[in-house]
Amino acid sequence: MKTAGAVGVRGLLMKMEVKWCGFDFGQCIQNPGGLRNPLVFGDIFKELGKPELIPDRIKRYRVLKEKYGTYGRIKEGHRDEIYSFVLEDDPRAVALFQEKEQKYLDIAEGVEDALRYLQDQGIELHVISEMKKTLGPIGTDFISTFLKRRGLVGYLENLITPQGKINLRGDSLDPKYKGTSKKDGTLYDVLAQELKEQGIETHEAVMVGDKPETDIDPAHERGFKTIQYTGYVDLGKSKADVVIHSFSELKTILTKKR
Amino acid sequence: MSTPKPQTITVEFDDGSKRIAPFETLPHSLQSEIMRQPFTSEPNPQPEGQRFILLEWDDGWKEVIQLDPTCTEIHRYYVISREEHVGRLSLKKPDGYPELLEITRKPFSLEKITFLDTFRLALERSEKEGMKAEHFFALAKEENSLSQMIDALRLAVREGGMDLQVLISQESDVPLEVYEEIRQKLGIKAGSRQQDVLDFITYLAKAASLE
Numbered sequence: 619m620k621t622a623g624a625v626g627v628r629g630l631l632m633k634m635e636v637k638w639c640g641f642d643f644g645q646c647i648q649n650p651g652g653l654r655n656p657l658v659f660g661d662i663f664k665e666l667g668k669p670e671l672i673p674d675r676i677k678r679y680r681v682l683k684e685k686y687g688t689y690g691r692i693k694e695g696h697r698d699e700i701y702s703f704v705l706e707d708d709p710r711a712v713a714l715f716q717e718k719e720q721k722y723l724d725i726a727e728g729v730e731d732a733l734r735y736l737q738d739q740g741i742e743l744h745v746i747s748e749m750k751k752t753l754g755p756i757g758t759d760f761i762s763t764f765l766k767r768r769g770l771v772g773y774l775e776n777l778i779t780p781q782g783k784i785n786l787r788g789d790s791l792d793p794k795y796k797g798t799s800k801k802d803g804t805l806y807d808v809l810a811q812e813l814k815e816q817g818i819e820t821h822e823a824v825m826v827g828d829k830p831e832t833d834i835d836p837a838h839e840r841g842f843k844t845i846q847y848t849g850y851v852d853l854g855k856s857k858a859d860v861v862i863h864s865f866s867e868l869k870t871i872l873t874k875k876r
Numbered sequence: 002m003s004t005p006k007p008q009t010i011t012v013e014f015d016d017g018s019k020r021i022a023p024f025e026t027l028p029h030s031l032q033s034e035i036m037r038q039p040f041t042s043e044p045n046p047q048p049e050g051q052r053f054i055l056l057e058w059d060d061g062w063k064e065v066i067q068l069d070p071t072c073t074e075i076h077r078y079y080v081i082s083r084e085e086h087v088g089r090l091s092l093k094k095p096d097g098y099p100e101l102l103e104i105t106r107k108p109f110s111l112e113k114i115t116f117l118d119t120f121r122l123a124l125e126r127s128e129k130e131g132m133k134a135e136h137f138f139a140l141a142k143e144e145n146s147l148s149q150m151i152d153a154l155r156l157a158v159r160e161g162g163m164d165l166q167v168l169i170s171q172e173s174d175v176p177l178e179v180y181e182e183i184r185q186k187l188g189i190k191a192g193s194r195q196q197d198v199l200d201f202i203t204y205l206a207k208a209a210s211l212e
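Chains F and P supply the protein sequences, listed in that same order. To convert, note that position 185 of the first sequence is 803 in the numbering used here; the numbers rise steadily by one, no gaps. To convert, note that position 118 of the second sequence is 119 in the numbering used here; the numbers rise steadily by one, no gaps.
Treat the hints with care, since some could be wrong.
Here are the simulated EDC-like pairs of lysine to aspartate or glutamate, each with C-alpha atoms no more than 20 Å apart in a straight line [said to hold, decoys possible]:
1) P:K190 / F:E717
2) F:K668 / P:E182
3) P:K186 / F:E717
4) F:K721 / F:D759
5) P:K186 / F:D661
6) F:K677 / F:E706
No wet-lab data here; the hints were simulated from the structure.
Take these sequences, add in the hints, and give me the full structure.
What follows is the structure, encoded as C-alpha cells:
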C-alpha cells in the first residue's frame with residue numbers, strides 16, 4: 619500500500635521492520651538549497667580574479683542543465699562536463715568549485731536526528747549513490763568529504779557507487795560494484811546478493827531516495843522496501859511503498875527487524 | 002554572402018590612447034551584448050537562411066528573437082519561480098540622483114560597509130508591501146576597516162619583499178602577479194571588474210605612504 623506520509627490512506631500508521639537502510643545522497647541526505655549559481659560561480663571567478671566571466675559561466679551551467687534536465691543529474695552523472703564545458707578544465711576553477719560546493723551544500727533538515735535514531739535501533743546505514751567519474755582518490759571523493767565534514771560517517775558505514783564500495787571509516791575500496799548502475803538496477807542486483815550473503819533478504823532492507831528512476835523503482839522491482847523522500851524535490855510518481863516529506867517521519871516508520 | 006564576423010574591438014580614450022583586443026577573447030555574453038547594439042547591427046544579407054523565434058503573449062504582445070542558425074527544435078519551456086533577495090546600497094551624490102549598487106551575494110549576510118567610515122549593519126525594520134518586503138538595516142559606526150587593510154598591505158609588502166613606492170608609482174610596470182599576490186594576502190576580490198581591486202591596492206599603498 620502506497621501512502622502519502624507515514625500515515626496510510628486508511629489512517630493506519632505505516633511501519634516497516636528492516637535490518638538495513640540505504641540512503642541516496644544528492645537532494646536526499648544532502649540539501650543543495652544554498653547552492654545558488656550566482657553565489658558559487660560568483661565566488662569562484664572573483665577569487666580567480668576574473669569577475670568579468672561570471673555571467674558567461676553561469677549561462678554555460680544553465681545550458682548544461684538544459685542538456686541533462688536537472689542540476690542533480692549533472693552532478694551525479696556528468697560532473698566531468700561541469701569541469702570541461704563550464705570551467706574549461708582550469709584546475710584552479712575546478713578546485714574552487716569543489717570547495718564552494720562543500721561550503722554551500724547543506725544536510726537535509728532532520729537527517730542527523732533520524733540517522734541517530736536508526737543507528738540506536740541497530741539498523742545498518744549506508745549511502746547508495748549513482749555518482750560517476752568523480753571518485754578520485756579513495757576517501758577524498760566529493761561525497762566522502764561531505765559526509766566527513768558534516769560528521770555523518772559515525773552513522774553511515776559505506777558509500778556504494780558504480781565505482782565501488784567505499785568504507786567511509788576506513789577508506790578501503792571494494793570493487794565489486796564497479797560498472798554497475800542504479801538506473802538499470804545492476805547495482806541493486808549486486809547489493810541484493812551481498813546482503814543475502816550477510817543473511818539479510820531484500821524485503822528486510824529499505825532504500826530511501828528522491829529519484830523514482832534510480833532510487834525507487836529499480837530497488838522496488840528487486841524486492842527492496844522503498845521510501846520516496848520529497849522534502850527537497852518531488853520528482854513525481856514512483857513505485858515507493860511510502861512517500862515522506864521529512865526525515866523525522868522515518869522515526870515513526872522504521873524499526874529494527876529482530 | 003554571410004553575415005560578417007567581428008574580429009577586433011577597439012576602445013578609444015579621450016587622451017587619444019586606444020585599447021584593441023580580439024573580439025573572441027571577450028566573454029560570450031559581452032559579445033552578444035555588443036552585437037545586439039544598433040551600431041553593430043547590419044541588415045542580414047540572407048534573412049531566409051536565418052532562424053527566428055516568434056513569441057506571443059495572451060495580451061497580444063509579440064516579440065521576435067534571432068537564433069543560432071544551428072537550432073533544430075524546441076526542447077522545453079518552463080518558468081522558474083523563487084523568492085530572491087537583492088540588496089540595494091545607495092549613496093548620496095551632489096546631483097541629487099543617488100548612486101545605486103545592487104548586492105546580489107548573500108545580501109542578508111552583509112556585515113560591514115566602508116565608505117569614508119566603516120559601519121556595521123543590523124536589521125532594523127521590515128516593511129511589507131503586497132508580495133514584496135523591504136528590510137532596512139541600521140548603520141553603526143565602528144573601527145575603520147581601511148586602517149586594518151592598510152596594515153595588512155604593509156605586512157604583505159614586507160613579507161613579499163616588495164617596495165610600497167613601486168605600487169604607488171603609476172608609471173612603473175608592476176606585474177599583475179604582484180597585485181595578485183597582494184590581493185590574495187589581503188583576502189579581497191573584485192565585485193564586478195578586476196581592475197577595481199588593482200586600483201584599490203594602489204589606493205591603499207598611497208594611503209600607507211602618507212601615514
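Here is what the structure says about each hint:
| no. | hint | in the structure |
| --- | --- | --- |
| 1 | P:K190 / F:E717 | 17 Å, holds |
| 2 | F:K668 / P:E182 | 15 Å, holds |
| 3 | P:K186 / F:E717 | 19 Å, holds |
| 4 | F:K721 / F:D759 | 15 Å, holds |
| 5 | P:K186 / F:D661 | 17 Å, holds |
| 6 | F:K677 / F:E706 | 14 Å, holds |
Of the numbered hints given earlier, the model fails none.
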